[in-house]
Structures are given as C-alpha cells and as structure tokens.
Amino acid sequence: MSDDYSDDEYYYDEDEDMMDADDGDSAPSDEEMDMEVFDNDFKLPGKARKKSYEVDSEPLSQAQVERLMQTDIEHISGIFGVDENVASLLLRHMSWNKERLIEKYMDHATAVSVEAGITPKEEKPAKAAASSRAGSSSTGPQRSTRSSKSSNKLKSPSPAPKEDEPYTCPICFDDTQTRTMALACGHAFCSSCWNAYVTGKIREEGEHWIRCMAEGCGLVCPDPFVREALGEDKATWNRFRELLVRHFVGCNKNLKFCPYPNCTYTVACPAAASKSALLSIVPTVTCGASPDHKFCFGCSIETDHRPVICAIAAMWLQKCHDDSETANWIKSNTKECTKCQSTIEKNGGCNHMTCKKCKHEFCWVCMGPWSEHGTAWYSCNRYDEKASQEARDAQSKSRASLERYLHYYNRWANHEQSAKLSMDLYKKTEQKMEEMQISSDLTWIEVQFMKKAVDEVFKCRMTLKWTYAMAYYLDRGNPKELFEDNQRDLEKAVEDLSELLEQPIEPEVVPSLRQKVTDKTVYVQKRNEIMLEDTANGFLEGRWQWNTSVPGLE
Amino acid sequence: MDARLRRVNKEIADCKNDKSSKIQLDLVDESPFHLKGSFPGPEGTPYEGGRFEVDIRIPDSYPFQPLKMKFITKVYHPNVSSASGAICLDILKDQWSPVLTLKSTLISLQSLLCSPEPDDPQDAEVAKHYMTSRSSFEETARYWTHIYAGGPDPKAKDGGSGGGSRDEVAMAGLEKAHVDQFEALGFERGKVIDVLRRLNYRGANVTKITEDRVVEELLKP
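Just so you know, the protein sequences line up as chains A and B, in that order. Position 409 of the first sequence, counted from 1, bears residue number 409 in full-length UniProt numbering, the numbering being contiguous throughout. Position 159 of the second sequence, counted from 1, bears residue number 159 in full-length UniProt numbering, the numbering being contiguous throughout.
Bound-form chain B, shown alone (with noise of 0.2 Å):
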C-alpha cells in the first residue's frame, strides 16, 4: 500500500481512538488527503469556549514535506491572518519534520493560540493591536471567538444580549465612541472602521495621531 496512504490512515485512526485531546479530524470529501481538523480554543485565554476549524491539505510528498494548514474559522491573533486564515508557523515551514503528524501539528496551532508571536506576524494590523493595547485586543480577539467560533458571549456577564447581531466597531476591536466621532463629521461609518483600524487608533495611539491626520486618511479616495 502507498506509504502516504497507510501513514494518514493510521493518523486518522489514532486521532478518532484518542478523546483525551478534544482533537478532531474530519473527510471533507472522498479523498483522505483533504481534511478539516478542529480543536477547542485553550483556556485561559481569549478563545477559551470558541472551536476552531482547520483546512488541512496532505501534499504528495507528505510527510516529507509540511502539512498546508489554514484557518476556516476567523481568529483574531497575530500570526493568522484575518482575512485568509494563512497561519505563521515555523513548523509548518522550515522546522517541519516527518515525524510531526496531524494530531501534533493541531495541538502546535492551538498552543499557538496561547502564546502569539507579534514579532514575526502574519496580519500586522492585528500585530500592532496587540503591541499597543493588550486588553483592548484581548477583547476583540475574545468577542470574535463569540462571533465565528461559537464561544461565549463577552458581553453576558453584563447582563445585556448581543441578540446575535454583529457589532462592527467591536470586530476592529475600536471604541465606539470614536467611530461616532468621526461619523458625526460626515463620512461613511465603514469606511471610518476602516482607516481607524488602520491607523491603529487604539489605547495610547489616540493621542499621538491627530484628528486632522485622520481625516486626511478619510479624505483619500
């Protein structure tokens, strides 16, 4: 039997008869080269309670080369991109091995989740949410967890139900308060979002980029 064939069978056996690790792999189609890994958001940290799903493609020469791996469902960290899902991850990269699997690649990724690496980031936008304010970002990170990886409710606690409508000005992890500001001058509300976000206007940031510097980033076409 063709050695790839036998060595993810066998992966994927191992993973099903494993429940300890809360891992858990799926077909997406016929094939068994393409499949969708989740596991649970690791606790303590702001995706505890989401469950994050992962595409994961076998490439030809596995497992001598790297797994593809990304994110299906949107996380808001450092080393994942928010638009695509593309993972940072030097084990998917230069410092794979043929003996990482499956099961220990996912369990890397979620301790990735633990511990981000702004440094070396994939999604530098959100990279500089996390250097300039930590709460502020662990609060976006923590409400999109709600959103898209079905995690609890941030604002619960509060007493208060997001009636599952999705908060904008919460998801660019900005203030509420200085979206209306701007929207008060006349410009559109997305597009608002938009350069705040950018511009990174968060935490002490606020104060070092004038309002006049704001507009003329509204202003651009």
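With the rest of the complex left out, here is chain A (with noise of 0.2 Å):
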C-alpha cells in the first residue's frame, strides 16, 4: 500500500480498479448466479489478498470443536495417565485451562480429583465437618450405602451391581424397580430417578456439571454415565453436548459463540483475544451458519462498528446515551454564567440575573457585569464593552465544545436513520425489480443491480455513522484532514448514489440507468473499501491521535 493517501493514487493506481470496473460491467450478464454469493460479487478481485481492514477467523461448527476438545482431553488423558472421561471432568474442573491443571494435578493428583468430582472425599469417621444444619438424621440409610462401599477405583462408572432381593430407591421409594446406578462413590439410585434428575438439570437449569443426588456427596456424573442416564433422549444428550462445548468456549479467549438465536456456531479469531489486541483492530466476524450472522468478536455493541475500534464505539455510545437530549435542550434554552460556568436557565422575569452558585450579576442580554449597567439597563447599550466581550468568549468556548459534539452526533443519527430508511427502500426496490421484468424484456438476473446498490447504501451509511464517532475523538492535524476527506468522498459517492435509487423507472432509461447505478455502486463500493482501510491502516501503524483518552490506550 503507497505512504500516500490522496485518493487519486488509491482509486487509480490500481490494477483492481480496471478489473472492478469490468466486473460490475458485466455482473448482471453474468450466467447463474446464487443470491447467497451474489454481493461477493463484487468483491472478487479482493479475495485473493487479505485487507487491513478485515481479520482472520474461522467458523466452527459445533463438531469441530468437540474435535478440539477431545485433542485436550487425550492430550491430558495421555500425560496423566487416566480415562478420557476423568481427564473430561478434570478439564472442565479447571476451565479448560492445561497448564495451570497439569501443575496443580502434579502437587496434588488426589486433592484435585477430590475437588473435580472423581473421587469421594475421605471419609472421616465422626463425620465431624458435617453441617449442623443439615439434618442427617432421616438420610441415614442413604449414608449406610457409602460407608459399605470403601474401595472406589478412578474409574468410569459402572452400575452398582443389580442385586435380586427386593430394593427400594431412596428417591421415589419405589420398590419395583431392579436396574439401579451409582457413581463410583456407591451412592445406588434405580434408574429412573437417575433420568429425571439429569433432565431437569441439563433441561431446566442448563448444567452440564452434574453432582451424585447424594447429600453431600461431591460425585460428579461423567459423560458416559450421564448419556446412560438419558437412556433413548437423544435431545436432551445433545443439549448436554452443546452446553459442554459452550462451557469450553467460554473458557477459551480464541473462541466465541454466535450471538444468533438457536445457531451452534462457533468463531474462532485468535488475532482479537486479548485486549490490547481490541485496541487496534475491529474484529467483525462471520458464523459458518449464515452470512448475516455477522457480529463483533470484541464487544456487543454492535454488529459491525467498523472502522472505529470498540472502545471508541462504547465511549461514543455511552455519550450519546447520557447526552444528546438533554445537550439538544441546553443549547437552546441555557447559557452559561460568566463566572463561573454554571449553566443557567432563564424562566423568566427581567435580565438583571443572579448566578444562584457564585452569586455572580451579568446581564442576560450582554452577558456583561450587570454593575457597567449603571441605569440604564434597559436598552442595554453595552454590547462592544470589552468585558462582555470577555464573557461572551468564556462562553462560546463551553458552548462551541456543545455545538461540536452535536455536529457529529447530528450526522451520526442521520446516517443510522437513513440506514433504516434504506431498508423500506429496498422493499419498494424489490417491488420495482419484479416490474421491471414485467415492464421490459429484461430477465431477473439482469434487474438485481438495484438489489445490491440497496445493500452497498446501508453497508457504506453504516460506515459513515461510525467515522462520525471516530471523527468525534480524532484530535486535530493532517490525519485528522486525510481521515475527513474520505469521509467526505463515501459521503458524496453514497448520497450520489442514493439519489439514483430514488428516481422513477421507465422501461425506456433502465438500460442508462443500469449503467449509470452500477458504475456508481462499484466506486461507492471501492471509496468504502479505502475508507476501511485507511483507517485500519492507521490503528494497526498507531496513526491516529485522539483528543480524549481512550480506555487501554497509552
């Protein structure tokens, strides 16, 4: 990429720029073509080489990260010499997290089983640890059946042995009942009971670390044992499995699940898992799912705040938040006392004012001292005193830092608006397409320019609303002016082009018009493209300065 960023040197010297423009020449004659890659289109030529302005991810599905997991599992089953399904419990007992496992399991092997859930505590014979509270009185028979069984192996689960006299869970006092199971702490429950409690738990309170129903007991339930328990519900075993594979994103900084209601997609972007890494790039990633679940791998607050970096973006928001309306109401209704910068609302009454905090006395009218009033206060003849001219300055310094953020917050809000409003735009579109293959002997394929001229409006107007909120916190100088100028060309390229979507179709002009929005689509398409990228550009080169701190910086 050249130092320089005039923008005649990035829309001409480019090869793509010739092989963007005849791509869009030719797209809508272009043979077969899905909807689903259609807006890729476009972006052919790109494909090859990875823009600054984009990051490195990798969609998951939720198969390919039980793969990883299970690489872990036999990883740590491997070193430690134990089942697969003990190492399961003992990663997932330390948030997946092997080194710090490896070490801790080293000092202590059996104090960390003890903790994961694989093997029972000791049993101390006086039981004196016990709570008071809980009364153990009425569990005893339960307790017999632990202190019976003395030699617990670290080993998968197996059914307590299926004895022929007459047994009665202690659960559902059932005594039909004749095939029963219990962890390998012993604790016997039929199978029933067993069934109904690891539903509800996965079901209703979406637990996938499942204790022994025991009192007390620190058993924890294996998959194996878990999926035996589920018996023919194959539903509620691979609910249990997605919530095992969301317990091991969660704990994994490379790994997050889309946001999307119901898709088991995971993202994979390790270039944006740690912090500082945030600080310089804007993570907009894709699930494997669906095109449109495109969310921030950084932050939730929005789905795709670029160019501005998610700190910025939740700074900008939060000041929005707690300002805009009430900075609307200010501007209009207040001004300032002289003094000492209160602001102050006149709600009536005459224009000798009194600042209720410094007890300052100005004039509404001048802003000047009200003691150079003298008498004749009336006409307020005062006004090029200097003074009031003083005051006046005071003034319109807190007051221009008013007008400043609603400068930005204006064009800001009006982008999103507008934004919004191209999707009824996009409707009526829909609607002018299907006429025009009516109206004209034109076939559908060729009529989707209008489509994605739509979708290229609201892609670049959500760009625009965000270099608002950068441009907000830039601090003055050359960057600052280059960053404007772009800002300035997507503008104009992006109103240009939404006027052209407005005008009214006459079968006679589709073919000038066709020619006329598609041209312009691919320029506005190219001028968002090297706005993303110099901005990208510049977070990754440490370009930008801000006027404010920016939390994590500096």
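Worth flagging that the hints you see were computed from the coordinates, not collected in a lab. One should not assume that every hint holds.
Said to hold, decoys possible - Below, computed lysine-lysine pairings styled on DSS-like, alpha-carbon distance capped at 27 Å:
1. A:Lys-335 - A:Lys-346
2. A:Lys-356 - B:Lys-220
3. B:Lys-74 - B:Lys-22
4. B:Lys-93 - A:Lys-121
5. B:Lys-70 - B:Lys-128
6. B:Lys-220 - A:Lys-357
7. A:Lys-294 - A:Lys-319
Two chains, two frames, some hints: make the complex.
As structure tokens, then:
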C-alpha cells in the first residue's frame, strides 16, 4: 500500500480498479449466480489478498469444537494416564486451562480429583465437619451405602451390582425397580430417578456439572454416565453436548459463540483474543451458519461498528446515551454564568441575573457584568464593551464544545436513520425489480443491480455513521484531515447513489440507469473500502491521535 | 402411581409415625403438594417454647427440585425475612439433594434457628441487630417468640404480665427511653420506631449515631 493517502493514488493506481469496473459491467449478465454469493461478486478481485480491515477468523461447527475438546482430553489423558472421561472432568473443573491443571495435578493429584468430583472425599469417621444445619438423621439409610463401599476406583462408573433381593429406591420409594445406577461413590438410586434428575439439570438448569444425588456427595457424572441415565432421550443428550461446547468456548479466549438465536456455530479469532489487540483491530466476524450472522468478536455493542475500535464505539454510545437529548435542550434554553460556567436557565423575569452558585450578577442579553449597566440597563447598550466581549468568549468556548458534539451526533444519527430508511427502499426496490421484469424484456438477473446497490448503500451508511463517532474523538491534524477527506468522498458517493435509486424507473431508461447505478455502486464500494482500509491501517500504525484518553490506550 | 405422589405420601406417613422428632405435617387443602409443617423452637435459644409453622409447596419436579418453604409464623432471625418469612438456606437452593426429605429439611430449619448465619442474611436489619448487640437481639427474638409463636412471656419472670398487648418498641428491639426521647420532640411514635430500627439505634451504635442524624431522618418525608 502506498504511503500517499491522496485518493487519486488510491483510486487509479491499482489494477483492481480496472478489474472491478469490468466486473461491474458484466456482472448483471453473468450466468447463473446464487443470491447468497451475489454480494461477493463485487469483491472477487479482493479475495485473493487480505484487506487490512479484515481479520482472520474461522467459523467452527459444533462438531469441530468437539474435536478440539477431544484433542485436549486426549492430551491430558495421555499425560496423566487416566481415562478420557476423567480427563474431561479434570479439564472442565479447571476451566480447560491445561497448564494450570497439569501444575496442580502434579502437586496434589488426590486433592484435584476430589475437587473435580472424580474420587469421593475421604470418609472421616465422626463426620465432624458436617454442618449442623443439615439434618442428618433422616438421611441415615443412604449414608450406609457409602461407608459399605470402601474400595472406590478411579474408573468410569458402572451401574451398581444388580441385586436380586427387593430394592427400594431411597428417592422414589419404588420397590418394583430393578435397575439401579451409581457413581464411583456407590450411592445407588433407581435409573428412572437418575433419568429425571439428569434431565432436569440439563433441560431446566442448563447445567453440565451434574453432581451425585446423595446429599453432600461431590462426585460428578461423567459423560457416559449421563448418556446412560438419559437412555433414549437423544434431544437432551444433544443439549448436554451443546452445554459442554458452550462451557469450552466460554473458557477459551480465542473462541466466541455466535450470538444469533439457535445458532450452534462458534467463531475462532485468535487475532482478537487479547484486550490490547482490540485497540488496533475491529474484529467483525461471520459465523459459518449464515452470512447474516455477523458480529463483533470484541464487544456486543453493535454487529458491525467498523471502522472504529470497540473502546471508542463504546465511549461514543455512552456519551450519546448520556448527552444527546440533554445537550440539545441545554443548547436552546440556557446560557452559562460568565464567572463560574454554571448552566443557567432563564425562566422569566428581568434580565438582571444573579448566579445562584457564585452570586455573580450579569445581564442576560449582553452577558456583561451588571455593575457596568448602571441605570441604563434597560436598553443594554453595552454590546461592544470589553468586559462583555470577554464574557462572551468564555461562554462561547463551552458552547463550542457542545456545538461540536452536536455536529457529530446529528450526522451520526442521520446516517443511522437513513440506513433504516434504505431498508424500506429495499422493499420498494424489490417491487420495482418485479415491475421491470414484467414491463421490459429484462431477465431476473439483469434487474438485480438495484438490489445490490441498496445493499451497498446500507453498508456504507453504517460505515459513515461510525466515522462520525471516530472523527469526534480524533485530534486535529493532518491525519484527521485526510480521514475527513475520505469520509467526504464516501459520503458524497453514497448520497449520489441514493439519489439515483430514488428516481422513477421507466422501461426506456433502464439500460442507461443500470449503467449509471452499476458504475456508481462500484465506485461507492471502492470508496468504502478505502475508508475502511485507511482507518484500519491507521490503527495498526498507531497513526491516529485522540483528543481524549481512550480506555486501554497509553 | 406417580413417583412424586408416592414419595410425598410416604414422607407424610413416616412423619406421622415418628413421634420423637416432634415435627408435624398437615395438609393445607385437598392437595398433598401444599403442606404446613411445624416444629418446636430449639432448646437453649430465644425461640425455645414457641411452635413455628412453615408453608411448604412441593414443586412438580420434586424431589429433583428443592421444596419451596417459608415461615408462616413471624420469626426474628437474620436468615428469615421479618416481613415475608422467606428463608435463606443453602439446601433450599443450590445445595439441594433429592435424598433430602420434608422431615430432614424441617430439621435443618430447626437447626438454622440454633445457628444463625448473619454473614449471609435474608433480613439485613435483623442481621445488623444481631451483630451489634447479641443480648438485645435475643431479647427481641424471645419477645417475637412470645407474641407470634406462643412462647413464654419473657416478662413473666419479673411478675408483671404483658396482658397480651403488643409492645411496638420491644418488637423492634429498641429501648423505650430512646423512643420516648424522640417522641418528646414531637415526632409520631410509629415513625420514630421505624427510623430507629432502620438506623440500628441499639447497643454501642447509640453513641455513634448523633441525635441530629436521627432528626434528619425523621424529617425526611
């Protein structure tokens, strides 16, 4: 990328421009094209090379994440020489932090096993530690099973030996049940109770860490046990697996679960895993399930807040949330005291103002000190006096900062509003396209240029919106001026295209309109790319200077 | 038969047969899933001599979900809401185990009365009272036991009979002299009790809270 930021260089120097233009011309007449891949059409040349505003990310299906988990499990299982189910429990207990697990397990294998719910706690004869709150008298019968089984192996659990003698489950008191199950602790309960318990934990509580049903027993059900307890209930088993995956993803900084409802995809984006990385990149990623599942890997503020980084987007939204309406009102209804800068609302009465806070007396009309008005206050003829001039200077300073904020806010909000309206335009466009198919002899594929153009306008308006948030915080200087040049070019291009789209469509003008719209769309897209790319490069180079302290920077 | 119903029936029957624990279970209406349990206040505590009633609801997924319990009888205790009777006890939440029963849970409640846990309070005002002045707290708890749970009259020892009239000052665990003092300034008695209770105007705190502070609170609408 050249070091020169003038747009001429950008626009004409690159070979891709030519290709893009070619592509744009021929695109509508291209053969069979799927709608899904359609908007990639314009980008085709760029695909070969990674853009600086794009981040490397990889969508992962649930099965792929499970494979990652399996690798970790096998690794741990190999090192410790334990069963894979045991390794899985150990890892889950340690939030999938392998290093910490290895370190801890090497030092205190038994203690870690107990904490992870793999081996039962050493039975203390007097049970002195048992809390007095837990009434233990009624749970006596179950306790006996625990002490009778003393040899507990660190092994995947098997159902308790089937006894021929009549068995009464201590939970449901059913004596007709013959099948019982127990974890390594030996607390046996009938399989239908286990089923109800495990199902409830998974379905209602969304829990993957399922403890033994016995009171105070810390053992946790390993996966095969859960599966056995669930029996034929495939749906709940799948939910359990999803919970495991979610836990794994939640523990891993490189991974994020797709936030769209019912989506089971995960996105891996190691580039954006650390907080410091988020200060130089905007990790907008897409999950593998659908191209619509776009989200920011770094924050949950908005799905796509390019080109500004998460911290600044958050700051801006916070400011808007706090200020915008209030600021508007303050601007139109108040003035500041010339001495202490308190904001004052004049709600009636004469122009002789006394500041409630500092008791400064001044004239509301000229903002000069009241003392100089003498008896001639009514006509307020002191407009050019030095004192009132100074007072106005002080006021205009604080007023200016408000004006400045409102300048950016209004443009930011306007683009958001326009982007929303362009969704309405979308519907109208669709109708138009249908009409055109009927009224002219154009084919479906040939009228798609309208749809693409609307898509592009929407995308660019989102970019523009956030450039205003960025510009608000940018410090004055050459970089900002270049930024604003890019912003202006993009804005102008977008407005031109928007206007074209609003024009009435007559069959006769369709060919020329199509040409114009397609050309303009390509140009707008190019401008958007320049905007995004230059901003992203600026972040990577540390070119941007801020007029405020950005959390995390410096 | 429905496993839940079978289990609940057995638990109720077990409780009837067991006379030693003095725990009682009664049906509230026709449903066996809405019960009223009661137990005597533990000996050697301010709750001794009272009988405490608990509203019990058995959830659909019982015994895999914990019982829903709250005190019907008003109890002055850090882990029980003095207004609603809601109970803060781990086994009624995440530490529930399906092997726990109606009886064992009621026994747990009984032992909760023996050993309050003011660090994990349900009623912050009561917990503060407990932490500042144990003896004053116990006096109030005893008074509540007398008034609400049919316990012995704490004043009976002194010869004077309470006469059944409720002493609002004692109910709030405050000193009569303090209430009189602020009432004499012209504030309504109910308001004074309310403010002093909220400020925890008891024991060593009395010296820490200035009169101005109390008056300031009293003047708030």
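To see whether the hints hold, each was checked on the structure:
Of the supplied pair hints, the one linking Lys-335 of chain A and Lys-346 of chain A holds, its CA atoms being roughly 8 Å apart against a limit of 27 Å. Between the alpha carbons of Lys-356 of chain A and Lys-220 of chain B the distance comes to roughly 25 Å, so the proposed pair stays at or under 27 Å and holds. Taking the CA atoms of Lys-74 of chain B and Lys-22 of chain B, the gap is near 20 Å; set against the 27 Å cutoff, the hint holds. For the proposed pair Lys-93 of chain B and Lys-121 of chain A, the alpha carbon gap of about 22 Å is at most 27 Å, so the pair holds.
Of the pairs offered as hints, the one joining Lys-70 of chain B and Lys-128 of chain B holds, with about 21 Å between alpha carbons and a cut-off of 27 Å not exceeded. About 25 Å separates the Cα atoms of Lys-220 of chain B and Lys-357 of chain A, which keeps this hinted pair within 27 Å; it holds. Proximity of Lys-294 of chain A to Lys-319 of chain A is assessed by CA-CA distance (about 25 Å); at most 27 Å being required, the pair is judged to hold.
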